[in-house]
Every structure is written in C-alpha cells, then in structure tokens.
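Colleague: Use these hints to put chains V, Z and H onto chain G, whose structure you have.
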Amino acid sequence: MDDRFVPVPKEAEDRLPPESSASGKLLRYLLRRLPVWPLIAFFAKKKVPQHKHSAWYTLGGIAMFFFMVQVITGVLLMIYYNPGSPWQSVQRIVMEIPFGGLIRSIHHWSANLMILTLCLHMFSTFFMKAYRPPREITWLTGLALFGITLTLGFSGYLLPWDDLSFFATRIGISEMDKIPIIGPWMGGILRGGPDVTVETIGRFYPLHVVVLPLALIGILGLHLLLIQVQGVSEPDSFRALPEEKKKYHKFFSEFLFAEIPIWLFMMGILVLLSAMFPRGLMPEADPGSAAPEGIKPEWYFMVPFQMLKIFPGALEFVGMVIMGLLPLAFVAVPFIDRNVPEDARGRLVARAGIAVVLVAVAFTIWGWLS
Amino acid sequence: MNYPVWDLAFLGSGLVVAIIATIHIFISHFAIGGGIFLWVAEWWSGREPDGAKIREWLHKYATFFLIYTTVFGAMTGVGIWFAIQLASAEGTSLLIHQFVFVWASEWVLFLGELTVLYLYYYGWKTNSPRLQLWLAGLYALISWGSLFAINGILTFMLTPGDWNTQNLDIAAGFFNPGFWPSLFIRTLVMILLGGLGGMVIASRIENEELKEKTIRFCVKFVIPAAILTPFFAVWYWTVLPASASKLIEGGVVGVGGGRMEAITAYFLTAVVAGAMIVLASTVVYLKPKALTMMTAIAIFLIGMTGITGAEFVREMARKPFVIHGVLYSNSLWKNKAADPDYLAQPYLEKAKWHPSEMPSSLERGEWLFRLQCISCHTRDGYRAMKKRTASWSGNFGVKWFERMHEQGVMPPFEGSLEDRAALTEYLLSLHGKKENAADILKAVEAELNAEKTKMILQEAGRVPDAIPPEIPDNPEAVKDVPADENGMDVQKDNKEVLQ
Amino acid sequence: MDNSASNDKIKDKGRRRFLALSGGLGLLWLGAAAYPVYKFISPQPVPDPFGEEGRAVVKKLTPADCVRPGSGGNGSIGNIGVIVFRTPEGELRAFTSKCTHAGCNVNFTGEKIVCHCHGGQYDLTGKNISGPPPKPLTQLKVFEENGVLYVAPLDKTEKA
Amino acid sequence: MINASLFANLLTVAAGAPIPNTDPLGYGIPPLIFQLLSYLTFSMHLMAMNFTVGGAILFLWLHFRKNDASLPIRRYLGGGLPLGMSYVVTLGIPPLLFVQVLYGQMFYSSSILIAAHWILIIPLLITAYGHFYLHKLTRDKRKKRQGAIVLIGLIAMLLIGFFYSNNITLSQTPEKWLSMYASKPHGMALNLSEPTLFPRFLLFITPAIAVSGLGIILAGAFLTRWGREVEGAAFKAFGKSVVPLGLLLQALCALWVVAVLPERISAYVLSGNTATLLLVAGVVLVALAMILALVAAKSKGILLPMLSSVLAYAAIFCHAAMRDMVRLQYLVPHFDLSQVPLKAQWGMFGIFVVTLVAGLALLIVLMLKVFPGMAAAAAAKK
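Protein chains in written order, with our numbering: chain G, 1 to 370; chain V, 1 to 499; chain Z, 1 to 160; chain H, 1 to 382.
Okay, chain G solo, but in the shape it has when bound (with noise of 0.2 Å):
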C-alpha cells in the first residue's frame, strides 16, 4: 500500500472479520480512507456499572427515544399542519387524514411521558450525585434541555389553536408577566402584543418546530459527548466495592441492547395509551367565548401554577421570587455539595431534595384535583 492510504492499525486487525468475508473487505476498505478506529476505540472504552440502582441508567435513553418519537410524528404532522388556519388544519388532520388522529395522539402522548421522564431521570441523578465534580458541566445542561422540553410542550400546547390550548396558554404567559421589571417585556416578545392571538401561533410555531429542537440536539449532543468522556457516574456505594466485585456492562454492545427492546417497549406504550386516550380537539378558539369549565394548565405546569394560588394578592411576588430562586437552586446544586463520599453538606443537598420532590408532587396532584 502506496503512502496515499492510512494502514490499518493492529488492534483494529484483529477486531475486524477476516479479510476473506465481504464485510471484512469493505471494513479495511473504509478505514484505509477514514482513519476513525481511534474514535472508535475510545467510545468502545465506555462501560456502565451494574448495581442495583444501575436501573435508573435507562431513563437518559428512554427520553431520548421519545424525543426522536416527537421529531419524527411532528415531522409527519408538519406535513398537513398550518399555521395560518392552525385549528382548521389540526381538524382535518384529525378528522380526514388516514390515523391523522392515531399520530397526533402518538405526539401528545409522547410529550407527556417525555417529560415525565425527564423528571424521573433528573431526580434519579440527583439522588445517586451524579452531578458531584467532575460532573458539573453534564448537570448543567442536563437543566437546559430540561428547560427546552418544557418550553416545547408550553409552545406546542397551543398550536391546536382550540379553547383549552387558548386558555391555558394565556394563564402560562400572564404569569410571565408578573415577573418585575423584564416580565411585560417578555411576556409581550413571546405573545407578539398585548394578548395571545393568530400573532402568537406566529412566533411560537418556528419556536416550536426550529429553534427549540435545534437547541436541544445541540446541548443534547454536548451532554452525551460529556458522559462518554467521563464515563457514567458510580454511586458511593458501588464505589465501595472491592475492585473484583465491581461488574460493568460495555456501552455498545451490552447497555445499549438492553436498552433497545425497553425503547420498543415503550412505543407500545404509545399506541396502546393512543388508542385507549386519543387526544380530543375542542372548538376553535374564542377569545370572546367562556374558558371551558374547569381548565387548567398541563399537569408539568401545575407547580408554579399552584404556588401562585397560594400567595394571593400582595404576596404574589412572594410566590415569584420562590418560583425564580427554585431554578436557580437547581443550578448551584453541583457547586456546594462537591466531595465524595458524601459528607454533611451533601446530605443536607439531599434532604432539601426529598423536600422538593414532595412539595412538587403535592402541588401537582392538588392541582390536578381541585
């Protein structure tokens, strides 16, 4: 072989099928042009450990799969989807279009589980510290793409255009405005005026569909490439373990099998809920007509909803600064509990979060049934 082609490295020779079967053949071929087994090598080296909370390691994926659920039936959606006649184009969508209405509720459904997952992930990390130094950076962004869901699912909640979506959309975005010195300011960018009108489906339609996504497959990659590069956080007491005792499953091929028929799995979950609670489409949108009796905002938006509700009138700003300072509190987590095994300050950390989880659970399922 002439200089122009890389040689294929040794430890790759014997990696690869024999130089006899095709896919052997075509595999040197590649490598002599693209000299990627480093790469490869290295995302090989990932390995997760098996413990008895080593369960929780799926929920990151299980996530991500439904992520690439909503890329894939918003893409179909898109296709009949019209923002200058939303409700009209959602109606016939559901009305005409062949399983229009089996793939809108695929995309409400796979919301909702999305972002209960994410909640579910989130605290799971949290409460196994994975997010001590190193890990700091991958906490970080693991917030932001939390963020970002959120945001997808208070946008696309209103593209339907109908009654409910309407309402709700205009509670969400007043509480924004609340917010002192920049609240109007926002609230008005995001609603294109004064009220939520065909104006708002204008700016939260591209929201919706380009620039949240984006954001999120480009933070999503970050945090992937983080944890490949630092290898899957180890609980304490797996840490403990004598070195023998500690087993590991290599990412790509063992975790990752195990992970795909839990992702199948899941998609049948989808459909089955699609079928049994298909979304429904109320009548258009009138801003003159009542709010429909008993509406409120999806169950992921009951918290702040509900905090509001406790701190009437003057004490509503009381209501704000807690909802602000909670994010931020979330933020700060990595930078005071930092050492390992676990000393005061962290158990401090995670009894503040036990509180948090309860207080979060609570306001949801008040919300839900008041």
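It is possible that some hints are incorrect.
Computed spacing ranges between beta-carbons, pair by pair [said to hold, decoys possible]:
| no. | chain 1 | residue 1 | chain 2 | residue 2 | range |
| --- | --- | --- | --- | --- | --- |
| 1 | G | 194 | Z | 71 | 50 to 56 Å |
| 2 | G | 186 | Z | 54 | 54 to 60 Å |
| 3 | V | 434 | G | 194 | 39 to 45 Å |
| 4 | G | 348 | V | 122 | 50 to 56 Å |
Everything labelled a hint here was simulated from the structure, so no lab data went into it.
Where a beta carbon is used, it is the ideal one built from N, C-alpha and C, also for glycine.
Modeller: The following block gives chains V, Z and H in isolation, referenced to the frame of chain G:
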C-alpha cells in the same frame, strides 16, 4: 328489565369485567404457554450435557410459574365468571344453561391441571426425569384442553354460527366459525409468552455461558407466533359477522369521512406490539449476555399491550350485542326487539324491577337510564353520558332515541314517547339544565306538526322543497332537463302554479 | 479440538440463519406496523371539481367577456384552468387550458389557441395543429345561467 | 303523562317478588341429578374450606401460645394452607355452577343486589391465597409477623364466607328485593336484616375446628406409619383434644339456627319428611365420626382416621341436601324446580361424565406414582 342492573358509578360493570378479564388473559396465556415451555425445556435439559444446571434454573422457573399462575391466574379466571354475572345476568344465564357441561368438563381439566402441576412441583426431587417429563407434558396438554373448552364458549358469543334459540344446536354453537382461528391465534400467543416468561427468569442466571444458551433457547419460542399469527388473523377476519368487520373496516376505509374508529386503534396496538416483540427478540438474540431482568420484563409487557389491544378489538366488534344477533348488551332479546309495538310499550310498566311508588318524570328518566343504559354507559366515568350529551337539546334527544340503533353500535330504545322525553330530561339534568319532560314533549310535537304541515303542503301543491329566490328562465337550462317519466313536463307545471 | 471448533462454526452458522429469519420477520412486522404512516403520507383524494350537481362555476370570467364572436379568455374552476371563448360563428366553447405538452396554460387569440411556453398551437375545436402538443385539449360543456358561466364535463355525444 | 292508575295496578300485580323469567334454554338434565352433583361437590368444597379455615385458626391458636412443642403441628398446618386454599377454590367451582343452573334467576338477582361485595370476593381470594403462600415461603427466613400474615389470610376467608351467606340467604327471600333495589341500586346492599344470617354463617365456620382436628389426627397416623412415633403421638393427642371442642361449638350453632328459622320453615324441617330424615342422619354420622376419631387418636393404623373422615364427609353431604330442601321450602310461593322446561343434553352430560371419570382415574394413577417417592423422602427426614 328481567334482572336488576348494577349501577356502578364511574367505572360501570362492563369495565369491571374488562379489567379482570385482561388480567386473567395476561396470566392464563402465560400459564398455558409456560406449560408448553416447561415440557420442551424438560425434554431439552435431558439432551444437554449440563442438564442438571438447566434443571436447577428450571426449578426457579417452576416456582415463579406455580405461584404466579395459581394465585393470580386461577383467581382471576373465577373473577371473570363473578363479574359477568353482575354485568349481564341474562347473557350469563343463557351461556351457563347452554354450555353447563362444557364448563363442568373444563372444571375437570382445571382440577387435573392444578393437581398435575403440584405433583410435578412438589415431587421435583423425588420423581424420575422420565416421570417429570410425563407430568410436564400432561400439564401442557390438560391446560391447553381448558383453553379448547373455554374458547368454544368465548367465540360463540361473537360468532354464534348457525346456532339459534330454536335449534339449540350445541355442536354448531361450540364449533362456531370463529372457533378454530381464535384457538390457533391464542395457542401461538401462548407459546410466545412461554418463551418471554422463560427469558425473564433466564436473565437472572449468573453463569454467562448457561445464560446465553438458555436465552437463545427461549427466543426460539417467539418464531412460530411471528410467522403464523398474521395468517390466522386474516382467517379470523373473514369469519367475523358483517356488522363487526364493518366497525373495524369503518375505521380504516371510512376514516376519510370520520375520525379513526377506536377498534382500528386497538387493532393497530396489537400489530405494533407484534412488531416490537419480534425486533426486541432479535436484539436479545444478538447479545443474550446483555439481557437484564428489567429488559426481559419490558419485552414480556410488550406482549401484554398487544393482548390488551387484541382483546379490546374482539369485545368492541361484538357491539351492541352480548351474544351476536341474539341478545343485546342491555339484556334485550333481538327477536323481541324486532316487533315495534313491543318496543313502543311504556317501559317501567313491563319491567320487573321498578320504583316502589309512582316516579316523577325525572325519576322515571333515571330508572330508564339505570335499567337500559348503565350496562355499558356511566353518568360521568367510562363512556360518560355527560360528555356525550353536552350539546343536546330536548328535541334532539327524543329524536335521537328513535334512530340510535341505525348506526349499528347501539340497541334500539325500549319505551314509549313519554319514556323518551323522561330519559332526555334526565340526561339534560346531568348538565343542570332543567327541562321538564312535558315541555320537551310539547316542543317535539310542535316540531312534528310543523314538519307534517310542510309535507302535506308539498304533497298537495307540489311546491318545490325550498322556494328559490326567483325562477331562472334560461331557455338552454330548460332544454336540458329531461321530461318526467309519465310525459308531464315538470318545469312548466311549476310555473302555472306560481302565476 | 477440531470438533469443538467445527461445531462452533456450525453453531454460529445456525445462529446467523436464525438471526436472518427473526430479523426478516421483524422488518415484515415493522412494515405492517408502519402502514398508518404510509396511509398518512400518501396524498389525500382530491375533491371532484364538478361537485355533486355535475357543474362548476367558472371564476375570473363573466358572460360579458365572451359575448362578441372572437372574444374570450382564461378562467378557472377550483385549481383547474379553463379557457372560454365565442367562435367567429358565435358558438360558445370551453376547453381545459392545461397544454397537453408540458402543462402551461394556453391562451385564446381570436382565431386559434396558442401555448407560449413551447409554441404549441391548437385550432378552435381544440385539436393540436402544430408544435410539440401530442394530444388535443379536452372540451367542456359551457352554459350561462343567470349571469354566471357554468362548465360541466362533456358527455360523449356532444363533441364540438 | 303515564296515568297513575296504570302504574298503580302494576304495583299491586308485582306485590309478590320480581322473579326473573326462566331461562329459555332450561335444564340440560333432570334437576335431581344436578342437585345430587351439587351436594357431592359442595360437601367436598366444605371439607376443604373447613380444613383450611380450621388450619388457620389452630395455627394462630398455637402460634400465639408460643410453646415450642407445637412447632411440628404449626409447620404442618401452615404448610397445608396454600394447598388447601387452592382446593377450596377448585372444589368451589362446580357447586357454584350447579346452583346457577338450578336457581339462576334468584342467585343472579341477589348477587346483583350485593354486587360490590360480591366482586370484592376476588381481591379477598387473592389476598388470602397470596398471604398463605407468603407465609409458607418466608416462614423460615423471617420469623416475626408470620402470625399477622396468616391472620390477614384468615380474615379474608371469613369475609368471603360472610358475603356468600349474605348472597344465599338473600336469594331465598325474593320479597325483599324490590325495596332493596329501589333504595340501594349501587350494589352496596347486604342482607343484615335477615335473622338467620349470622347463625348460618357461624354454622359453616364452626365445623372447621373439628375437621382440621381430624386432619391433624390423620397426619399423626401417617407420621406413626412412617416411623416418626413421637411426632405422630403429639399430633394425635392435640387432634383428640380439638375435635370434641369443635363439635360442641357446631352443635350450639345448629341449635341457634333452628331456633331462629321462620315458623313455617322450622315446622317443615321438623315435620318428619325427608328433610328431618337427612337432619337426623347427619347428626348420627357426625357423632359416629367423632367417636371413630377419638378411637383413632389412640390406635395405630391409618384406616380408622380415613374412615372417620369419610363419615364426616357423609354427614356434611346429608346436611347439604337438607339445606337445599330448606331453600326450596323458602321459595315455595315464588319458584319450584318444575317451572323450568327440560331441554335434554344427554350427549353433553355423557361427555362430562366420561371426562370426570377419566380425569379422576388419571390423577389417581399419577398420585400412586408420585406419593411413594415423597413418602420415602418424608420418612427419611427423621
């Protein structure tokens, strides 16, 4: 009206049957599939060099199998029987009196199945391998026999075939058209579940090499179902009564006209589940070592979503009957419903279960709702009437009850015009609308009279239906319109009348 | 030694065959499961422009435009183009205006019908007389009713 | 609107009871055979139920008395619970099937009236069965809280029995149905106003102690046969003390039931017809069974305890038959067996009999193949 109706708020007695039946299907299909799996695994462990190790794992499988199937499987089986008594006593009574000895024989098989399983399990250490193989084989055979028996009764309900209340031909009823396809599909699904169950237990084996071999053995159980189920599904499809397949097809073809039929969505759930299982088993076969217990349970649960979908299709296809073409879901006999003046008689006056004193029109409406509608609908829960009658007006209600059975999913309404008004009043009261039945009746009569006068007018003067703004005297248009069959020129005639 | 190697070979040959079988079945089943996506994507049935009464209103053209013999112009029903004109002998005629060569809309110039894209020409009976158009234009029945032009499919007998 | 008079005369006509029309398909074989089949299987169901419930009661009695001498008995009783429970359910299916065939109109109506409790039986069944298995599987690993587990199982079984008593007594008194349905259509009704409810429920529970005592004596006999005399003697001694106590309780309940029966029913039962004959035969058989049991507790072989069990079964058979006569007497104005047409299905009946005989024969053959091995292992476990 022959039996009281269980007025269960929110859930509705129909959903209670569905929930218990679905759980029973999950377990009983695994029970019979697992029986076949045990038999083949016993035979396989006999031929393998490290047979002893395999039998050790097989004992763990048998323990899980014993408790899971007897504690939950048998109980929910009896549970279905308890639930259908409460949901449709008339239907249950008909099935029990017709197939009492089929059920009695199925009981003998059930007794045999249990005892053989105990002999197999508790004699594990003391029985000879040959005897264990015999016992496992007998268990598989007897449990499949109980499927054979109950499948006849189950398929009879959707496709009674040439059985009818005159000839009471049990053989035709039991071996009805739907019998064989449904038997084969269920057997295939059972073998599939046996394999998937095997994988759940195999995922906990420590020794890598044994784990790989066992899981590869389990995955092979998925193949028969993967290949054959579609063919039997098509066969089952051809056997369905016209009205049932119309409901399913109505979903796919008619979708252009209306929203997707629920049945199609459930049918699709079964197909998607099938696809997911075959793909998942392929992935597991690639790298058996990677299989964790959570993944194996996930694959097992995919099967459950598929079964839920398929069972919902079978149950919904039978709408509006309990026994297709014989007995409606609200215990109204089809032959009785055929004669209109039987239907038109006041309902509460011929019902055996009625209030103890003269009801007001609202109470009469509630009693009608309880005796005729509650077996499928509820007020505010599953298949809620509140949601369905949100935009109703009095007139619409009364007229709807006359035509509601034409769609093919609802039984005909039983009762006089006053009953219809009373029921409408009750349904409107669910939304707090206070419209007395008498006023509804007056409004309906007023509307009817208006229509009648228009009809008479049309008959007498042959005034065209809607009087157009002005008559176009376009010579060309007149030329084209063909003359009336009996030679009279229709257009010309109208002009004289209007001059 | 060799029989363990050989039965390894047999084993993974068997394994590959099984993988091919289950993989193939998986794809077949996936095809069946993806049927809804296929139906969702495939184009929706176009509503028949002539609707249930069998006639359609011609837009952007009024009877006044083609009163004088030799006058006429382009109009449309739904998103199908039509040309309506009155021949020098005074007979009202209408054709679909999509040129049978490459789909541009033809134009009525008094004596003949011309397609500007590639110079195709048709006579007043719609027959393609010169240039690339392979087939004549399809004729439509046209009649005027209380101030509105209507077009309807031509039934076999009334050829121009 | 509907004139009041039309409704008024309806109320007078329906003054009786809303008995649903008979099923158009009628009986498949003469009802007498159905009745016999139901007594046969019902008595087996009662034996299994009594063994399990009695087993649980005696287990708890010994468990809370905390003396270690009774450990083998507790292990035997505790271990037998899940097995007994599964045969309670299995043997419970045919009597329920035959009752529904014979008296479906009444049985279904009363079931629907107490629907919520009737459907509750299924979760209770699973709770009881699950807890008995939980006890058997964890009794070695986890010592504490075993008493609580078995207690939960026992309570679940007693509740199931209570709901059954409610259903059967309600199905015999159709005159209560109309007002009950009008006031409680949601299936929450119970038959608490029935005077004979509790005595009849207790009459089913009290023989449990005697029957499980008999079971312990039988086990003791087998233990002595396998050469474990010391344990065998302890089993028999305990059994001997329990059986008479159980029968005493049962006799008291029987008297309470007769005292509480309505006048026309107790007159019928004591008026010297077949019902009285069955009653007396049952009592005599019970007495004989007790004497045999006491003698068996002192003697060696397993023949006597076996015989005593058979006699106990025969006694229960007689009382089950008498109970059915009482039911028919309760229903006299509203229903009798001749009302239902006979549409013979002799072919199907033949198939059932053949399946039954073949099934039982197969099971016996298999047992004969498996038990010797298990017995040898049990004997080896000195």
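Colleague: Would you list, in rising numerical order, the hints stated earlier that this structure does not obey?
Modeller: Hints that this structure does not satisfy do not exist here, as all of them hold.
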